[in-house]
Amino acid sequence: MDALLKNNRNNIVMMAVLAVVLAVLPWVLGGAFENGKSWLRAVDFALLYIMLALGLNIVVGYAGLLDLGYIAFYAVGAYLFAILNSPHLQAVLPAWLSHPPFLVMMVMAAFVAGIFGVLLGSPTLKLRGDYLAIVTLGFGEIVRIFMNNLDRPINITNGPQGINNIDPVQIAGYDFGRPIEILGLTFEKIHLYYYLILAFCALIIFVSIRLQNSRIGRAWVAIREDEIAANAMGINTRNVKLLAFAMGASFGGVSGALFASFQGFVSPESFVLMESVMVLCMVVLGGMGNIPGVILGAIIVSITPELLRDIINPLQMAIAGKKVVDPENLRMLIFGLAMIVIMLVRPAGLWPSKRRRAELQPKTKDIALQEKDSLQDAERNHD
Amino acid sequence: MDIFLQQLINGLVVGSIYALIALGYTMVYGIMQLINFAHGEIVMIGAMVTITCINLLVGAGVQLPGPVLLLVGLMMAIPVSMFLGYSIEKIAYQPLRKAPRLAPLITAIGVSIVLQQAAMLIWGRNYRPFPPILPSEVHIIGGAAITDLQIAIIALALILMGGLFFLIEKTKLGRAMRATAQNPEVAKLMGVNVNTIISMTFVIGSALGAMAGVMVAANYDQAHAYMGFMIGLKAFTAAVLGGIGNIGGAVLGGLLLGIIESLGSGYLGDLTGGVLGSNYKDIFAFVVLIIVLVFRPSGLMGERVAERA
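These protein sequence lines are chains A and B, in that order. All letters in the first sequence, in the order written, are residues 0 to 382 by numbering that gives the first Met the number 0. All letters in the second sequence, in the order written, are residues 0 to 308 by numbering that gives the first Met the number 0.
No lab work stands behind these hints: they were computed from the structure. Nothing here was measured: the structure is a model prediction, and the numbers come from that model. Keep in mind that a hint or two might mislead.
Said to hold, decoys possible - With the C-beta cut set under 10 Å, the calculated list includes, among others, these residues of chain B facing chain A:
id	residue
1	Y28
2	M74
3	M75
4	T236
5	L240
6	L288
Note that the Cβ used here is the ideal one computed from N, Cα and C, for glycine as well.
This is chain A alone, in the form it adopts within the complex (with noise of 0.2 Å):
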């Protein structure tokens, strides 16, 4: 990943091999499998959720917060986009408000979101660690709850039922929702969504690698490693933790809006509390704070679900003759049971950043032993 910093050739040929790859991806998946169409969905939904562990790494990975409601601001992304290109509030919305162009919509969706990131971090300043988790949990559930019932008195969010009829995006006068033909391929609603997906992929990781060893990214990583030492080295730590939370949202929000437009309707039951848990998992499982590492995490997070889907049915029926157990059930049972292991064989994630892993494993015990006792130490003279 460090490739896109370095000139080295070899790396550039491995990302021009990788650029390929992903170009031709859509339509190897459709070639070889019967059910390409749904794979390629689960890819897609796989790019958006390596932005949501992205954005979520900026908070938990980078500056150390841990944040169990960052799925709220993929919600406020994905609503922002349902109601101001969806025929639900059309009567009541400004003319320039309605249908804005792509580009700033996607702008507005950064925006606002990040917007909702100060709001949650502006109360949660003072609070450490769990405390922490655990308000923005309550935050996470609020918005979700807000959504849920905002039908009444004033119909905003259309309650449980969700905002349908969501326009697809219009790019240069091309319709995303209709099949394009170019140079003989068809392009369908499905594999455009791909490449626009993709590309804003890139885009937050390429942010998210310049941002890594920027001042901010340091000052981040100095905060997570020890916020008074961060404090005492002139970092002014109030706005630099608000701007992880604004930025980190900012992310969830493009990532929301994108979805919104994919899926052409949303509702409360996409931004449940377990969606946060997952995004979570993405990132701790990939290796906090290592940007290939969270992407990894992101993409076997996601797609494990959909694999074990196509293989314990098949297997099942070779097996047993019948359908004995429910898959559904099998197939989470068998993906909570990876997330166990995978955690006891590498506990600091598949893929660790090296600066992390070095933090990690000081080496002795005894050295450990100090820094807890000189951290607390610390903590208690701060009181």
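Assemble chain B onto chain A, guided by the hints.
Showing chain B alone in chain A's frame:
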């Protein structure tokens, strides 16, 4: 007035259940600084096993009074939950004691998913009704109705909490638990078997959880494989509200959350002129939590504890 009293009673019942479950969270947290995400599922399994046992006994034609049947069911469910709590700690948490802080959180979520799905496979995806074996006599106190069951829930919860207090404050085991919570390394030097103490904490918390699960099922007349998630979440919120790691705080937080929720759902509609209905009661609970934490970042009764990296 009678509506107020009624909501207060309902709140007390729900609150004492929250408090029992919150104790399980807070004990584990106090000793290991770990959110035991799977605790809600242990509560669910306790309820499910009890219901199955009672149904089996009734199906076999055993003629016993309702409370005795319930007691037999509980006697089966508590060991199951205890065993589960013990094995979860041994399998999913113990190997990760020295791992980064978030690793055991992820295994906890994994265990929670596994137990939920296993329960779905065993008991199906439908609601299980609680067998109608308990007397449903209603007493009227000052215009508010309270059933025998509700009285029993409050009483049992109080007894269990008192017992736990006694255990932690007065017994040798309790002293070892407090020592481990303060500093496991030093406790080890003082001759405390830290591993045993941690296992005991899980076992005791799970037993309390199983009983709370049966109370939930009896109170709402049903149980479901997914019930543990929401009730666990509420109980954890209660534990944080009171100050996580603090036994008294868990009890206070649980009762407070139950009463706030109950009064909130009763009065929210009137207070806001019908704009916000009772479906906002969960928001009410979380908003109170956020406000409390803004002014008291360590919860109502929590003390400032150093965070482990």
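Outcome of the hint check:
no., hint, verdict
1, Y28, "holds, 7 Å"
2, M74, "violated, 28 Å"
3, M75, "violated, 24 Å"
4, T236, "holds, 6 Å"
5, L240, "holds, 9 Å"
6, L288, "holds, 6 Å"
Comparing the model with each earlier hint shows violations of hints 2 and 3; every other hint is respected.
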